[in-house]
Amino acid sequence: MKCYKLFARGEHRWLAFTQDEHKPGSIVDTNQVVITTSGGAILLDPGGIEVFPAMMGALVHEVDLETIGHIFLSHQDPDVGSGLALWRQVTRPGTLVHISALWPSYVSHFDADTKFAPIPDEGAEITLGGTTLRFLPSHYMHSPGAFSVYDPAARALFSGDIGAAILPDGPTRDVWVSDFNSHVQYMSGFHRRVLASREARDAWVEMVARLPLDFMIPQHGLAFRGQDIQRFLDWLSGLDIGCGVDAYRGRAARG
Amino acid sequence: MSPSGTPTPRNTGTRRYRGILRQVEVRIRALFPDINLANRALFRLTDLSEDMRILSLNAELAAGRAGPRGTAVRALTQYTRGLVRRLVEINADASGLQSLYGTTTSALRTLRHLRQLEEAAVHVDIADISPSGQSALDVLERVRAGHLHEMAARIAGINGGTTRLGKMVSVVDDVVSQAASIATNIAAEAVNAGAHEAEFAAVSETMTRYVEELRTMNDRAARGVRGALEGCKALSEAATTLTRHQSKPAFQPAIQGASA
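Chains as they are written, first to last, in numbering that gives the first Met the number 0: chain H, 0 to 254; chain X, 0 to 259.
Keep in mind that the hints are not guaranteed to be accurate.
Said to hold, decoys possible - In silico SDA-like links for lysine to any residue, alpha-carbon gap of 20 Å or less: (1) H/1 with H/37; (2) H/1 with H/78; (3) H/1 with H/174; (4) H/1 with X/132; (5) X/232 with X/215; (6) H/114 with X/142; (7) H/114 with H/154; (8) H/4 with X/131; (9) H/4 with H/154; (10) H/1 with X/221; (11) H/4 with H/61; (12) H/4 with H/174; (13) H/114 with H/65; (14) H/1 with X/131; (15) H/1 with X/142; (16) X/166 with X/108; (17) X/166 with X/87; (18) H/4 with H/175.
If you're looking for bench data, these hints aren't it; they were derived computationally from the structure.
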């Protein structure tokens, strides 16, 4: 698993752990992000149980496990947090797991002993060593209870599944999108199928467009920086989403 | 690199440990068909004991109607109710069978965690033998020790549950043999019951049918229990090897092996 430094200013860092060459071929590649500060670290979407070993191996190279006091889950999917039971045990006791208030009792199926800090629908803030992180509502994008993480000091956004790309297997690549137009093909099918609400999409785009941002990283695929962030927002705004609804007109639905 | 994409451990201790985990998992998985067989067989126990209870009540009413000619049958029906009580008691134990499923699946989950922890240790070892890598290995070692302790408790739970299942089967076996004898005696009483002969004969035939059903059910359950007990023996042997690893760190030799 590779580690990319997305941002670094003293102890304040954004690290992306991704492109795991050891993962079983049947599982989708995920980006695990760690934000370190002088007051501790937070693990964003630590990933499924299958990627735990590689993630742990890569993580300890960069971060002392003892400093991780928070874990954030953007939503309830297994690729986001099915490794939770193991992360709870290797991080320090009392580590808080932040997730939408919709999900603690469901995500407890991954680990009944996890201590959750449920995030209310309108969002929340936490402060780590003087760095404030904002959990921004991303509901229905795609999960009905989803959040993005905004770091005003780093001008950075972790967007969960929004902006995700399913990249073809291939040689080592960078973590950044280098040619937005050619990258669209890897995002298009995913976004058209998993996003269902135009109203939520428009609200999310409007919210993010107001944020001073230098980069944005989703849970799958490559990160966006500079002008590519606006290109992504424009592309998302015009996308025809909710294509799963077409299935209701299919043969099985008609009976 | 192994075919699955998992990095290959650089020392034989870790490879041996991985092999033991695999062996324990195979043994646990092998228990499921036998536990399922016993569970499916004993599924009818509640209905059968209720059927026998109702039959004994009806037989007692018939014995009452027969007056002095029904005295022996009344006594036999009271024995039958005693047998029904024993069936009901062991049936309450059948909930232990459900917890056997719970313990077995929890053991598999613990094993899965042990495997992931061991793989993580290999990744840490490959990535870093620095102080932070060492501290991560210490954390993994501590968590692993907890899981091994939990694993030992789960395996003891599986053994205990299977033994209880064996006791259930042996109680049902005893009930079958006594109920068969009661059915025969009621048939004998029917011969001398005059006008009540047909009624007592019907009771005896119904009882014989229930006894046969109980016997078939229990024979099937006994096959499952025998298999599960044998499986538990094999599992205990594998678990003993695993427990030996409890007393010595599995991950530290990885460092020594790598730095040698």
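Does the structure keep residue 1 of chain H and residue 142 of chain X at a Cα separation of 20 Å or less? Between residue 1 of chain H and residue 142 of chain X the Cα gap is close to 25 Å, so the pair fails against 20 Å, i.e. violated.
Has the given pair, residue 1 of chain H with residue 132 of chain X, been kept, meaning a C-alpha gap of at most 20 Å? Given that 20 Å is the threshold and the Cα spacing comes to 16 Å, the pair holds.
Is the hinted pair residue 4 of chain H and residue 174 of chain H satisfied, with a Cα-Cα distance of at most 20 Å? 9 Å, holds
Are the Cα positions of residue 232 of chain X and residue 215 of chain X separated by 20 Å at most? 26 Å, violated
Does the alpha-carbon distance linking residue 166 of chain X and residue 108 of chain X stay inside the 20 Å limit? This hinted pair is violated, its Cα atoms lying about 28 Å apart.
Measure nothing beyond the straight line between the CA atoms of residue 114 of chain H and residue 65 of chain H; if it is 20 Å or shorter, mark the hint as holding. 17 Å, holds
Hinted pair residue 4 of chain H and residue 154 of chain H, Cα distance within 20 Å: The hint holds at about 14 Å.
Could you grab the alpha-carbon distance between residue 4 of chain H and residue 61 of chain H and see if it respects the 20 Å cut-off? 10 Å, holds
Satisfaction of hint between residue 37 of chain H and residue 1 of chain H, Cα-Cα up to 20 Å: Roughly 24 Å between the alpha carbons, so the hint for residue 1 of chain H and residue 37 of chain H is violated.
Please verify whether residue 114 of chain H and residue 154 of chain H have alpha carbons no more than 20 Å apart. Distance of about 29 Å is beyond 20 Å: violated.
Is the straight-line distance between the alpha-carbon of residue 4 of chain H and that of residue 131 of chain X 20 Å or less? 19 Å, holds
Regarding the pair residue 1 of chain H and residue 174 of chain H, is the alpha-carbon distance no greater than 20 Å? Status holds; Cα separation ~10 Å.
In this structure, the earlier hints numbered 1, 5, 7, 10, 15 and 16 are contradicted, and the remaining ones agree with it.
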